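Asker: Residue-level listing of the chains:
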Amino acid sequence: MSFFWVLLLGSLLGLELIGKVPPTLHTPLMSGANAISGITMLAALTLIIKAGSIGNTFLLVLGSFSLGFALFNVVGGFLVTDRMLAMFSRKNTRK
Amino acid sequence: MPISDTLKFLIDLLAVLLLALGIKGLSKVRSARDANRLAAMAMILAVIAVLIDSLGDLSISMDSWIWIIIGSLVGGLLGTFTAKKVAMTAMPETVALFNGCGGMSSLLVALAYAFAPNLLTDTSVGLNNIFIGQVSIVVSVFVGSITFTGSIVAMAKLQGWLSTPSLMQSKIRHVINIGLSVLSLIGISSFIASGGDSGLWLLVVSSALLGIGVTLPIGGADMPVVISLLNSYSGVAAAAAGFVVGSQLLIVAGAMVGAAGLILTQVMCKGMNRSLLSVLFGGAIASGQLSGSKDSGEYVNITSCSVEECALTLEAAERVVIVPGYGLAVAQAQHTLREVTRALEGSGIDVTYAIHPVAGRMPGHMNVLLAEADVPYEQLKEMDVINPDFPATDVVLVLGANDVVNPQAKNDPTSPLYGMPVLDVQEARTVFVVKRGMSAGYSGIKNDLFELQNTSMLFGDAKKVLGDLLVELKELGISGRN
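Chains A and B, in that order, give the protein sequences. Start counting the first sequence at 1; every next residue gets the next number (my numbering). Start counting the second sequence at 1001; every next residue gets the next number (my numbering).
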């Protein structure tokens, strides 16, 4: 049942973390949080490893697709967020 | 506890800490970029932890490695390519696309575990309960497929690839969506009761259609709210997938994103003066329906003017405020705008930008676009800061913004916009509104500003008008190079 505690505390943490966000950062924050939701790649990874250990090719392929989708989300999400934020910080350092 | 377990536990703990710090840091301008990297690092750590753990109790087979590498390469490369190439103006649809793929990933994992229940029983980390396992699968499938199809529809609508069919604008859509929800429920109960594949497939198909049915009727300008909500869903789907595979880290991270996404959605709704319920179930507000019959959108007393007149007025001004909006973003005119303002600044005119909280195509999007065009951060003023300054402003240039400068929101209690925070541009001496035509804003409500004495309309695409303006200004001897 410890999993439900984890769920509860994680949700509460998420509610607390974003208190006051300046509107400037709504878009980057959304895209950053979106990248984090690609953490489901861990599940895909676990699936592939288990499927490999029982030698099920169908599950291996399914897992590989899942991993691909998740990594697309994670890698793309973090990079695009960085691209946006770079524009803000460039301005700050030049001053 | 074998050493590998302890090690994984510690790395997981560190990853959660970094993720939390990352989300926290993303909400402050100064720390945002580092925070994003912190979160990315946390993800890498989490992957390492999974690999260490698996090497501990069962070695990873050659087959697994091959498929891991294939999946990572394809996904990673496509992601990198998309992130580097996409235009800043296309940010909302890009986030939607990424988000949909995250949902798809959770969906596929859950399906795999449903097809091979023997994988489930192996998940003994405190989750020996088949019932909980099945519920997790069902939640992951349901939320995952809604997230996927919903996000793809959102992307297609923002790209203009898709418009709302009339069937989905009528009330019948509620019947269809309720029907699909019922089918999903039947699928869920049948899968949990018998574990059969047919129930699962029913669930997959009906929830995928439900994602389409719910997203299709929503208007383009409301779409950011929907994307933010779907982003929250993909967090929920990830947390459910965490239950399926028995990963605490996945549950924490998914729950954090789910909750944070919900808050962000709420903040966005507030900025647009809409409730989440009306966004989801109301569809777009039909013009004239809510504002009564008195303003059915007919404009009288519109003054339009030429680019030349506008340039002359700007030349004589001391203080100019730019109000950029959705139209500017759509026309991708931020760089041309920057050239115009450079020219004005070059001849000693004070230029600032008034940023409404929901300016652009989603909240904060305008800041990104202007930053891309090299506008100094200090020149961007938030609504509350700039509003008292309008009476002392000579010229306001409204570029493709509409509802956010509608005085009705302050003056007319019968207006559906009433109560929405707006920029008080009508207080300025002269207002120029650059607009493609006399069509209404996304709310479909007439804008009283356009009929005011001190307002002149400049019809045309924002980019073209600004380009012409730049030429005129140069002829008047105003250019940034002086």
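For the record, the hints were derived by calculation from the structure and aren't laboratory data. Remember, it's a predicted structure, so these values are computed and weren't measured experimentally. Here a beta-carbon is modelled for each residue, glycine too, at the ideal position from N, C-alpha and C. There's no promise every hint is true.
To be verified - Derived DSBU-like pairs (lysine-lysine); straight-line CA-CA distance at most 30 Å: (1) A:Lys20 - B:Lys1270; (2) B:Lys1084 - B:Lys1474; (3) B:Lys1410 - B:Lys1270; (4) B:Lys1084 - B:Lys1171; (5) B:Lys1028 - A:Lys20; (6) B:Lys1464 - A:Lys20; (7) B:Lys1084 - B:Lys1028; (8) B:Lys1085 - B:Lys1028; (9) B:Lys1024 - B:Lys1410; (10) B:Lys1410 - B:Lys1084; (11) A:Lys20 - B:Lys1171; (12) B:Lys1474 - B:Lys1410; (13) B:Lys1024 - B:Lys1085; (14) B:Lys1464 - B:Lys1024; (15) B:Lys1474 - A:Lys20.
To be verified - Here are the simulated distance ranges between beta carbons: (16) B:Ser1347 - A:Leu12: 48 to 58 Å; (17) B:Leu1162 - A:Lys20: 29 to 39 Å; (18) A:Val61 - B:Leu1051: 17 to 27 Å; (19) B:His1174 - A:Lys20: 34 to 44 Å; (20) A:Leu9 - B:Thr1303: 52 to 62 Å; (21) A:Lys20 - B:Leu1452: 28 to 38 Å; (22) A:Leu12 - B:Ser1306: 50 to 60 Å; (23) B:Lys1028 - A:Leu9: 17 to 27 Å; (24) A:Thr57 - B:Leu1077: 40 to 50 Å; (25) B:Gln1159 - A:Val61: 27 to 37 Å.
Asker: Look at each hint and say if it fits the structure.
Answerer: Comparing the hints with the structure gives:
1. A distance of roughly 13 Å separates the Cα atoms of A:Lys20 and B:Lys1270; the hinted pair therefore holds under the 30 Å criterion.
2. The suggested pairing of B:Lys1084 with B:Lys1474 is violated, with an alpha-carbon distance near 35 Å, which exceeds 30 Å.
3. Simply put, B:Lys1410 and B:Lys1270 have alpha-carbon atoms about 16 Å apart, close enough for the 30 Å limit, and the pair holds.
4. In summary, the hint linking B:Lys1084 to B:Lys1171 is not supported, as the alpha carbons are separated by about 42 Å, beyond the 30 Å threshold.
5. Pair hint B:Lys1028 plus A:Lys20 holds up; C-alpha atoms about 9 Å apart against a cutoff of 30 Å.
6. Under the criterion of a C-alpha separation no larger than 30 Å, the hint pairing B:Lys1464 with A:Lys20 is inconsistent with the structure, at around 38 Å.
7. Proposed proximity of B:Lys1084 and B:Lys1028 is supported: the alpha carbons are some 24 Å apart, at most 30 Å.
8. A C-alpha spacing of about 26 Å is found between B:Lys1085 and B:Lys1028, which places the hinted pair at or below 30 Å, so the restraint holds.
9. Distance restraint check for B:Lys1024 and B:Lys1410: the Cα-Cα separation of roughly 35 Å exceeds the 30 Å cut-off, and the hinted pair is therefore not satisfied.
10. Under the criterion of a C-alpha separation no larger than 30 Å, the hint pairing B:Lys1410 with B:Lys1084 is inconsistent with the structure, at around 42 Å.
11. For the hint linking A:Lys20 to B:Lys1171, the alpha-carbon distance of about 38 Å lies beyond 30 Å, and the restraint is violated.
12. Of the supplied pair hints, the one linking B:Lys1474 and B:Lys1410 is violated, its CA atoms being roughly 38 Å apart against a limit of 30 Å.
13. With a C-alpha separation of about 28 Å, the suggested pairing of B:Lys1024 with B:Lys1085 holds against the 30 Å cut-off.
14. A hinted pair counts as satisfied when its Cα atoms are at most 30 Å apart, and B:Lys1464 with B:Lys1024 does not qualify at roughly 41 Å.
15. Pair hint B:Lys1474 plus A:Lys20 does not hold up; C-alpha atoms about 43 Å apart against a cutoff of 30 Å.
16. Our hint of 48 to 58 Å for B:Ser1347 and A:Leu12 holds, since their Cβ atoms are close to 55 Å apart.
17. Between B:Leu1162 and A:Lys20 the Cβ separation comes to about 36 Å, which falls inside the hinted range of 29 to 39 Å.
18. Distance hint check for A:Val61 and B:Leu1051: the Cβ-Cβ separation is about 20 Å, which falls inside the suggested range of 17 to 27 Å.
19. The hinted range of 34 to 44 Å is satisfied by B:His1174 and A:Lys20, whose Cβ atoms lie roughly 36 Å apart.
20. Our hint of 52 to 62 Å for A:Leu9 and B:Thr1303 holds, since their Cβ atoms are close to 60 Å apart.
21. Separated by about 35 Å at the C-beta atoms, A:Lys20 and B:Leu1452 satisfy the suggested range of 28 to 38 Å.
22. In this structure, A:Leu12 and B:Ser1306 meet the distance hint of 50 to 60 Å, their C-beta atoms being roughly 59 Å apart.
23. Between B:Lys1028 and A:Leu9 the beta carbon distance is about 23 Å. The supplied range of 17 to 27 Å therefore holds.
24. The hinted window of 40 to 50 Å between A:Thr57 and B:Leu1077 is violated, with their beta carbons roughly 23 Å apart.
25. Take B:Gln1159 and A:Val61: their Cβ atoms lie about 30 Å apart, and the range 27 to 37 Å holds.
Hint compliance for this structure: hints 2, 4, 6, 9, 10, 11, 12, 14, 15 and 24 are not met, and every other hint is.
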